[in-house]
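Trainee: So the chains spell out like this:
Number of protein chains: 2
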Amino acid sequence: MTQLIWAREGRITEAMRQVAETEGYTPEEIRDKIAAGVAIIPINKGRSIPARGIGEGLKTKINANIGTSPSHFNLEEELEKLKAAVDAGADAVMDLSTGGDLKRVLQTVLNNSPIPVGTVPVYRVIGELLCQGKGTAEMTADALFGEIENQAKMGVDFVTVHCGVIQSTVKTLAGCERVMGMVSRGGAIMAEWMAIHKEENPLYAQFDRLLDMCVEYDLTLSLGDGLRPGAIHDAEDRAQLSEMMILGELAKRARKAGVQVMIEGPGHVPLHRIAGDVKTQKRLCDGAPYYVLGPLPTDVAPGYDHLVSAIGGAIAAASGVDFLCYVTPAEHLHLPSIQDVHTGVIASRIAAHIGDLEKNLPGAHDWDLNMSKARRDFDWEKMFQLAIDPELARSRRNQSEDKERDVCTMCGDMCALKSYTRATEAEEK
Amino acid sequence: MTQLIWAREGRITEAMRQVAETEGYTPEEIRDKIAAGVAIIPINKGRSIPARGIGEGLKTKINANIGTSPSHFNLEEELEKLKAAVDAGADAVMDLSTGGDLKRVLQTVLNNSPIPVGTVPVYRVIGELLCQGKGTAEMTADALFGEIENQAKMGVDFVTVHCGVIQSTVKTLAGCERVMGMVSRGGAIMAEWMAIHKEENPLYAQFDRLLDMCVEYDLTLSLGDGLRPGAIHDAEDRAQLSEMMILGELAKRARKAGVQVMIEGPGHVPLHRIAGDVKTQKRLCDGAPYYVLGPLPTDVAPGYDHLVSAIGGAIAAASGVDFLCYVTPAEHLHLPSIQDVHTGVIASRIAAHIGDLEKNLPGAHDWDLNMSKARRDFDWEKMFQLAIDPELARSRRNQSEDKERDVCTMCGDMCALKSYTRATEAEEK
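Which chain is which? The protein sequence lines are R and L, in order.
The opening position of the first sequence corresponds to residue 6 in our numbering, with each subsequent residue numbered one higher.
The opening position of the second sequence corresponds to residue 6 in our numbering, with each subsequent residue numbered one higher.
Bear in mind the hints are in silico, worked out from the structure with no lab data behind them.
Since copy identity is lost for identical chains, a pair holds within one copy or between any two.
Pairs of lysine-lysine residues, derived as PhoX-like cross-links and limited to a Cα-Cα distance of at most 25 Å, are as follows: (1) K364 - K284; (2) K158 - K108; (3) K176 - K434; (4) K434 - K203; (5) K176 - K423; (6) K364 - K287.
Keep in mind it's a predicted model, so treat the numbers as computed, not measured.
Produce the entire structure from the sequences given, and follow the hints as far as they go.
Mentor: This is how it looks when you write it as structure tokens:
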């Protein structure tokens, strides 16, 4: 049984009740969104964490990618990254580890995460082959499905599977004049495997096998966009759209089987294409929740891609994106540090909140209004409490000379709010 | 004589020639933009710095505000801020000092700035009154005009004057249900003065006196938006629009007198109102260059307002804004530090470049394309050179374990670009 099957049968689960309460809806409204497939609750049947909903009419959610790599592996640091992500307000975390004892890392993340955990199972399959001096050629379909099932048993809440990287879409890609080709690790692995074995992608060819596992564990599918653009030059070409059409078909099959599903999106996208991309996804995938990485509307700012991603993410969320995968300041340079995780989550939360303002979600405008009232009243304590990163706001203010006064060092006594108050008082005389 | 008068007479100045060269236009095209008032070259006739153009079809420019305050005053630090702004790529700097020996600070900034320098002259008038234990009530119109003339003589390239804060617009403001009232320092000072003296704003009442000074020194006017919103709740109300209409009338009078003029804009604006605000300004002010602060599409992120401002600034620039005033991470908390100046300029430059991509300006797309090609080719040196902040990108990469390899610590050997290359090679076999 899955949340989707229960919803379709009219039943309201505890998870739906929790989501209803945090989002300001009735349990029936949440149930109907789940039943229609426009919202999901990624929670493995073996997990006991607070349920979080992703989808239409719900608060825009944030995912933080953590994980080791072959040249940077430290389990303690991963746990600190997990804590940093949760503390900064992430709604989900993906363990994308590719270095060290991958099963142990994932088990530790699952044991310690109070938020849904996602993975890309093919990473572990390939990661272990690489450790043995082997490569993608030696991967078998059974090993891949076996790993997905293992992870479902361990309690993983959602998995990214690159089912849309198939013979036809890869051929379409070959005919596109891309600068960057493929930039999705999982997608490129599947393409390499298919090219070597001259076979169809097993995740596509045996999609029903995947669906059976998902139903058993209520494992949510995140249909990966292996053909996403890695440069704004490459955005929204035939390759990207041909894959999205396949993902739309697969999403339909998943829902029919009772499997919760969301769709992944780009990536590098020019500003004026972001809203259109979201509308196209919603159309082609029948309103399935959209989970985007970025998007990044320029390629030239390594070191600031969290900021670039917040620009694209705000517009994406305002246009209907449901779930933002964060991008950290380390993107395009190296594996993120603990501080990068914190900064990345906050940047994405800013984008998500701007999206929520535009979606006119319950409570979104009150947050800004209350902050502005606190500002007007020089109520610094309240400003800190309301700040998206209270600790940072407080510590910055406390480093300044005017920390004990009501004004700040920007204007001191030449404060506009005070001048205007005097102006209105003089006016009334 | 001013650049505008020369342009209108058909003459091409050295400044126009310089702008034409850096922007990729013919000198005649630049002259015609200046003559039409849709572009300006803020350069005092007494200054010898490279000319920079601001306006339609030209690269989106960035201003960095620096300056002392009564509780934070250090001339050396101001010079370092100036250097940080210039090094990070600012196109103009405003000395907004309100603490210490203001004339000396301004003279030092002018002597050391290779980019146009702007000021808000009323700050010095009030700053010196505050030092004498006096206040706004003691300001005289003659002192204000005298200060503007002093600064024009010193070589200031552009001044913000709050000419639109007049009896009628302040009355409109009083009827609006704002949370924040007035948040413009200069605007609030004028409102307070008017309320105390029961007189019209002298900058409006004696606007021709201002224009005469501007013609003499080719001082560019930046018509300040004293009634700009200080909370997204307050954006685009009748007060803001009534002031913009006045500024449009004054811009027309300025151009008629041969004075170069731009219009200042907000501030705190919800995402969906940004594009409309720009279009309204262009309509009401006959295409005069638009110079906005931010805009900030949410109020809740003190400590990250550079990022919030980059979100709003990218959309504003994409919608036609010509000149972005940076916002630093210190906004709403304290006076910016040297590091804040650097971060603020880079954040604004990212927004400006995204705007330039959307404006489809010469060379804008090539930058991203070249970066993506360098990424595809694992050409790290070229990536650093092309990065918007080369030093940061280089130093971050150099801190990582894989700095000597072609790959990065994010993926190591599980690199999508490498997998896809192997895939295409296998495909060809």
